[in-house]
Amino acid sequence: SQQGEEDPQALSIQEGENATMNCSYKTSINNLQWYRQNSGRGLVHLILIRSNEREKHSGRLRVTLDTSKKSSSLLITASRAADTASYFCATDAMDTGRRALTFGSGTRLQVQP
Amino acid sequence: NAGVTQTPKFQVLKTGQSMTLQCAQDMNHEYMSWYRQDPGMGLRLIHYSVGAGITDQGEVPNGYNVSRSTTEDFPLRLLSAAPSQTSVYFCASSYAGGDTEAFFGQGTRLTVV
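Chains as they are written, first to last, in the working numbering: chain A, 1 to 113; chain B, 1 to 113.
Any given hint could turn out to be false.
Claimed, not checked - What the simulated footprint calls covered on chain A by chain B, stretch by stretch (three residues with Cβ under 8 Å from a Cβ of chain B suffice, anywhere in the stretch; the number is not a length):
| id | segment |
| --- | --- |
| 1 | 53-60 |
| 2 | 102-109 |
What the hints assert, rightly or not - Listed next, the stretches of chain A that the computed footprint assigns to chain B, with coverage defined by at least 3 CB atoms under 8 Å from CB atoms of chain B:
| id | segment |
| --- | --- |
| 3 | 24-34 |
| 4 | 86-93 |
Worth flagging that the hints you see were computed from the coordinates, not collected in a lab. The C-beta atom is built at its ideal place from N, Cα and C for all residues, glycine as well.
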């Protein structure tokens with residue numbers, strides 16, 4: 001089963017607006033990562049936040065992590081049409097013993113020009 | 001620096017045929033993994049490797065074999081293709097498993113008829 005679940009599954013906004021995507025996970029983690037996937041392409045890493053961090057910024061991206069609620073959010077500010085993509089959260093779940101990431105099902109973001 | 005290279009990009013197989021999906025990375029990463037992506041399912045881990053000579057099963061390993069004879073290469077073998085294996089396959093590599101960002105190949109779109 002998926003460790004992370006994104007919400008919403010799909011999001012459509014106008015250029016210039018902010019986009020917020022949420023991720024919930026089930027077990028304790030060392031870190032949580034966000035990835036972006038353009039249609040028909042591989043995933044590209046956006047940002048990594050460790051379990052002892054609460055907030056992290058990278059350009060127009062802001063990620064928060066609440067380990068007590070087992071949730072994270074990705075905020076994209078001042079969105080652009082080029083931000084249209086699917087966004088996935090990924091965790092290295094401590095309970096599986098696997099040294100590999102477990103991905104959620106993703107949020108499809110459409111930014112209308 | 002090519003990153004992670006997957007071949008082929010597209011493949012059509014008949015049920016029962018076997019084939020090998022190739023994955024190579026030139027970043028000297030110890031960790032490599034294979035995922036499959038189905039519509040609405042996100043990425044699911046098939047097999048992964050923490051170094052040459054070491055492989056382990058992921059979430060959905062049945063019907064697939066892997067080996068890791070060198071640091072650079074991590075091929076995925078389909079032993080007897082089934083329609084349920086129709087999917088997009090992604091190979092990823094990273095420096096330290098789930099603790100660092102993963103780099104993904106562009107994917108192999110496999111159709112089993």
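Going down the list of hints, with the structure as the test:
Coverage of the segment 53-60 of chain A by chain B is violated in this model, with 0 residues showing a Cβ closer than 8 Å to a Cβ of that chain against a need of three. By the rule of at least three residues with a Cβ nearer than 8 Å to a Cβ of chain B, the coverage given for the segment 102-109 of chain A holds, with 5 such residues. Look at the segment 24-34 of chain A against chain B: 3 of its residues bring a Cβ nearer than 8 Å to a Cβ of that chain, three or more, so the hint holds. Counting residues of the segment 86-93 of chain A whose CB lies closer than 8 Å to any CB of chain B gives 4, which reaches the minimum of 3, so the coverage claim holds.
In this structure, only the earlier hint numbered 1 is contradicted, and the remaining ones agree with it.
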